[in-house]
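Student: For the record, the sequence lines run as chains A and B.
Position 168 of the first sequence, counted from 1, bears residue number 168 in our numbering, the numbering being contiguous throughout.
Take the position in the second sequence, starting the count at 1, then add 1000; the result is the number in our numbering.
FYI, nobody ran anything at the bench for these hints, they're computed from the structure.
Virtual Cβ for every residue (Gly too), placed ideally from N, Cα, C.
Check the hints yourself; a few may be wrong.
Straight-line distance between alpha carbons at most 25 Å, and here's what the computed SDA-like set of lysine to any residue pairs gives [claimed, not checked]:
hint, chain 1, residue 1, chain 2, residue 2
1, B, 1167, A, 211
2, A, 196, A, 136
3, B, 1208, A, 237
4, B, 1119, B, 1130
5, B, 1208, A, 67
6, B, 1119, A, 40
7, A, 112, B, 1201
A partial selection of chain B residues facing chain A, derived with a Cβ cut-off under 10 Å [claimed, not checked]:
hint, residue
8, 1021
9, 1046
10, 1176
11, 1186
12, 1195
13, 1196
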Amino acid sequence: MRDFLLKLGNIDRRVIYGIIAIGVIIPLLRPIGLPENITPPVKHLYDYIDSLPKGSVIILSIDYDATVLPEVHPMVLAVLRHAMVRGIKPIGLGLNPAGTGLGLDAFSKVGKELGKKYGIDFVYLGFKPNVSATILGLGEDIRKVFPTDYFGTPIDSIPMLKNVRNYNDIALTISFSGSSLPENWIMYANARYGEKIACGVTAVMAADFYPYLQTGQLIGMIAGLKGAAEYETLVNRLFRRLGLKKPSVIAIRGMDANSLAHVLIMIFIILGNLAYFSSKRGRKE
Amino acid sequence: MSHDPWVWISAILSLFIFSFLYRDNPFYKFAEHLLVGVSAGYYLNIYWYNGIYPNIVSHIIKEHNLLYIVPLFLGLLYFAIFIPKFSYFIRWPIAFLLGTASGFAIPAAFQARIMEQAKGTILFSPSSYNSPLAFINAVLIFIGVLTVLSYFFFSKEHKGGLKISSKIGIIFLMIGFGASFGYTVMARVSLLIGRLQFLLGTWLGLIKY
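Start from the sequences and build out the full structure, keeping to the hints where you can.
Tutor: See below:
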């Protein structure tokens, strides 16, 4: 047994990569359909958006780039679908230059899917450099920070933004990010202007944002692919209730593969530890 | 299977990057260098059209507002580092940036990260919580914050009560690191899943949504 464990301890890392790859590919090709338990931070955000009156304006800040696309992009799509189907009007903007195209892709895709009109039901403002100045500027006057939208149309000629001046007219801001950038929204928009903030972050960043949920500085959080799958599940249920076509299962399918990969990783950690302690005992003997 | 040439380019580049898992090779190097080059060009373009042109150039050229020459000049001083004789002048924009950024950030960070977080640790009577579990949660947070802070208190030797408290603090820290590590594993696996969804679904058409 000890020899077997020692051999396992010296296994080529490429064999482990191969096993993980197979463990991920199988559930992607043959979905297991594991149930999604909805966690409170995701439910709170969903309920908050659901409770907003029709016509409310929210900001979706696209603060991520392609390196975290598989985790964060499904969140943006799910939140956009939820907001647009409820008649809530999202403004898209970005504080990460590499996320500009991703945000535009998400807004255009969901707008087209649900038959929404640009400038009336949703708007995309694009990227603006200098995070703190942009967030603080939005608290004074959106026109000063974004004189035009992403396509160069003056803000004043966009019907949806006619009565939108600053955070007083924006019911919620959600920052989607793979970094600590949502903290800037908490520091400047929430602490200074009292704006309601939520975030959609990668799993790596999630642990950093739990303290803000506990204090109420964040009203909700979508964390990693798991959070995206939960929000997708809630939106799919809503679409089914409204008799609409089920929009997406990309994160839900991903979580099947994620769960299986986790089981494999846990097995590898246990085996690795057993091999380590076996070798240590051998050295002592 | 996709007929879009861009999907093919993206898929082949993904495979080039994955080839690093076997060992370093010229295909991986090619994809890596391509990424760096494309990113630099992309960022330059985005910053020009969203930052430099609308915030500086258009004000000077279109509106003839010469006041904007001041920040332009200050920004250009960053390049002074390349001229040894004038490299000292890089300190001016750095000093300006440090001063303004600190002025913006310190009060906001104090409010959001210290005051609000400290308020969050205050314990109320059990009846003011939604459920008994919420009260237990609040007690755990209270104990966790105090014991972790005591672990980082180095002005007194960790003996007696302080030793016990700091030991408990370590347990809370370990639980925190464990949670972060678990989340990190999930994040990395999610990135692999995303790429495989693209390769198997968008490229090869083996996954239908």
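Student: Would you pick out the hints that fail for this structure and give their numbers low to high?
Tutor: Violated hints: none at all, because every hint is consistent with the structure.
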